[in-house]
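Taking the hints into account, I'd like the entire structure generated from these sequences.
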Amino acid sequence: MRKKVFAGGLALISLFIFVGATVYAGDLDAFKGERGAIKIAGGTAHIPVMKEAAKRIMTFNPDIQISIAGGGSGVGIKQVGDGLVDIGNSGRKPTDDEIARYDLKMFKWAVDGVGIVVNPRNPVKSLTKSQLMDIFAGKINSWKTLGGADKEINLYTRDKSSGTRAVFWKMALSKGEVSPKANFVVSNGAMKSVVSNDPYGIGYVSVGYIDSTVAPVTLDGVVPTLDTVKTGTYKIARGLYSNTKGDPTGLTKDFIDYLYTPEGQKIIASKGFIPVK
Amino acid sequence: MLGKITERLFFICATISATITVLIFGFMVFLGLPLIKGGQFFHLLTQPWLPDHNLYGIYPMVMGTVFIASLGVVLAFPLSIGCASLISVIDGGIFSRILRRVVQMMTGIPTVIYGFVGLFLLVPFVRELFMGGSGMCVLSASIMLAILVAPTMILFFVDSFESVPKSYMQAVDSLGGSKVQKLIYIVIPGSWSGIMTGLVLSLGRAFGDTLIALMIAGNAVQAPSSLLDSARTLTAHIALVIASDYESLEFKSIFACGIVLYVFTTLLVVLVRSFGYASRRNNE
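For the record, the sequence lines run as chains X and P. Once you know that position 133 of the first sequence is 167 in my numbering, the rest is easy, because the numbers rise by one and skip nothing. Once you know that position 56 of the second sequence is 731 in my numbering, the rest is easy, because the numbers rise by one and skip nothing.
Among the hints, erroneous ones may be present.
Below 30 Å or equal to it, Euclidean Cα-Cα: the simulated DSS-like pairs (lysine-lysine) are [stated by the list, open to error]: (1) P:LYS927 / X:LYS279; (2) P:LYS927 / X:LYS215; (3) P:LYS927 / X:LYS127; (4) P:LYS927 / X:LYS73; (5) P:LYS927 / X:LYS209.
A few chain X residues that face chain P, going by a derived Cβ cut-off under 8 Å, partial list only [to be verified]: (6) ASN188; (7) ASP193; (8) LYS194; (9) PRO214; (10) ALA216; (11) GLY235.
Since the hints were derived computationally from the structure, they do not count as laboratory data. All C-beta atoms in this analysis are idealised placements derived from N, C-alpha and C, irrespective of residue type, glycine included.
Now the structure itself:
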């Protein structure tokens with residue numbers, strides 16, 4: 035079984051590469067004859083898109099090395115500002131202070147929602163905003179109050195460097211209190227895996243990360259999906275930014291331009307985000 | 676001539692590494708100076724962490740570290756004594772050789788592997804067993820830490836068990852003593868300072884480990900009051916906060932954490948040295 039899945043995955047990947055090499059070759063032309071490395075760090079919501087783009091570029095031209103690290107939006111902004119990486123991703127708009135201090139140029143290439151997620155086994159799949167605020171403040175601490183199991187609610191949140199946290203805290207919690215009992219995880223991926231493992235957990239992730247292993251929670255009657263974020267009915271949304279120190283040049287510029295090509299936009303959409311020009 | 680050069684070379688190496696250690700401490704004190712000068716340092720050690728209320732105390736993290744590390748060592752100690760006894764005294768055959776190889780191999784496993792295994796196997800188990808909480812708690816982290824520090828402890832114990840003079844063992848054999856009697860009356864009392872040194876070193880390792888606590892202790896910013904509470908260690912706190920703004924007080928609290936870790940580790944080393952000194956004096 036596992037072998038079959040693996041073989042299937044391999045076939046799919048090679049298909050991707052094949053399709054990428056033939057149909058969309060035009061969008062990758064900028065990388066022809068180039069060589070060098072691009073270092074990317076920061077926002078964890080960006081990672082699936084970055085990885086796919088990097089894979090296609092490196093397959094097209096093996097002389098280019100692209101490394102992708104996480105760390106959160108704060109890390110991305112700080113590292114690009116200090117010249118440690120070429121592109122620093124952030125899931126929030128850098129503050130005016132950061133832009134001025136580091137001479138940042140921002141490239142917003144997608145809109146992303148921040149969805150509240152619970153374990154699929156949890157019957158509670160709909161909350162109001164005030165319930166959500168009470169849950170995160172620790173005022174509601176049992177699923178029973180909300181019509182679920184008689185179990186304590188396990189809160190999961192992100193650390194301060196997370197852009198996802200910044201957006202969630204501002205828009206979903208209206209900068210309300212977060213209980214000191216909340217557990218901290220370090221990335222969108224880690225959030226997804228702890229919530230999918232904890233039947234009594236609640237957390238929040240980039241909508242692009244929501245899949246069958248976690249269940250999205252309807253907030254004030256709106257489900258966080260690609261469509262509701264796109265139409266603006268789901269309000270907790272933010273831009274995904276790639277930032278550079280000063281105007282990008284060379285490979286870094288090519289990489290950012292690539293995200294805006296039809297192929298780049300297709301990658302963004304296929305990873306569950308809404309591409310913007 | 677060659678001897679002189681080598682001696683010089685080693686002297687230079689030793690000086691460099693000693694200087695670096697001192698410099699690191701100087702660096703932390705220097706950057707933490709604004710905190711120390713303002714008299715905030717000791718407040719930091721006792722205050723809670725509430726960034727929204729401008730309180731950046733590291734008390735919850737100090738308590739988290741103390742709880743998780745000491746419980747880890749407490750859990751690992753009996754396990755290690757047992758294993759070491761089996762390897763070096765009780766069983767002298769093929770099984771003890773295999774066990775020793777396995778333990779040696781275990782010292783090389785990266786902590787992130789333990790963290791990963793803990794997250795997917797131990798955390799759900801603890802959650803279901805105690806019917807409450809998220810399973811990411813002091814207990815889970817301590818159990819994983821115990822598994823992490825045990826191999827080091829075992830190897831250290833084995834070494835000190837085997838440094839007990841052979842003639843003592845032969846004396847027990849000739850008196851018709853059993854292996855267990857040999858262990859209890861000769862080996863363990865004879866390697867007392869080795870056992871203490873191993874314990875203290877493991878405590879240092881448990882204190883300094885980052886990834887296990889970061890991955891499975893839950894990282895909640897509260898001083899744990901029960902085994903099933905989520906907690907954050909000093910090291911995990913540094914890893915989580917390092918990404919915040921350089922200028923913020925939040926970032927500066929890292930240096931307070933660093934100083935606490937450094938001072939604690941230094942104390943442990945001094946303790947180890949004094950055990951070594953005491954045992955040497957006893958032997959003379």
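Could you grab the alpha-carbon distance between LYS927 of chain P and LYS209 of chain X and see if it respects the 30 Å cut-off? Given that 30 Å is the threshold and the Cα spacing comes to 24 Å, the pair holds.
Proposed interface contact between LYS194 of chain X and chain P, which counts if any beta carbon pair is under 8 Å: 5 Å, holds
Within 30 Å, alpha carbon to alpha carbon, are LYS927 of chain P and LYS215 of chain X? The hint holds at about 23 Å.
Hey, LYS927 of chain P versus LYS279 of chain X, does the alpha-carbon distance stay inside 30 Å? 25 Å, holds
Quick one, is the GLY235 of chain X hint okay against chain P at 8 Å, beta carbons? 6 Å, holds
Evaluation of the interface hint that places PRO214 of chain X against chain P, nearest CB under 8 Å: OK, holds: PRO214 of chain X within 8 Å of chain P, min 4 Å.
Hinted pair, alpha-carbon criterion (30 Å max): LYS927 of chain P, LYS127 of chain X. Please report holds or violated. 24 Å, holds
Restraint status (C-alpha distance of LYS927 of chain P to LYS73 of chain X at most 30 Å): 27 Å, holds
Closest C-beta approach of ASP193 of chain X to chain P relative to 8 Å, hint status: 4 Å, holds
Chain P contact restraint for ASN188 of chain X - C-beta distance below 8 Å: 4 Å, holds
Interface restraint verdict for ALA216 of chain X against chain P (beta-carbon cut-off 8 Å): 6 Å, holds
Consistency with the previously given hints is maintained throughout, with no hint failing.
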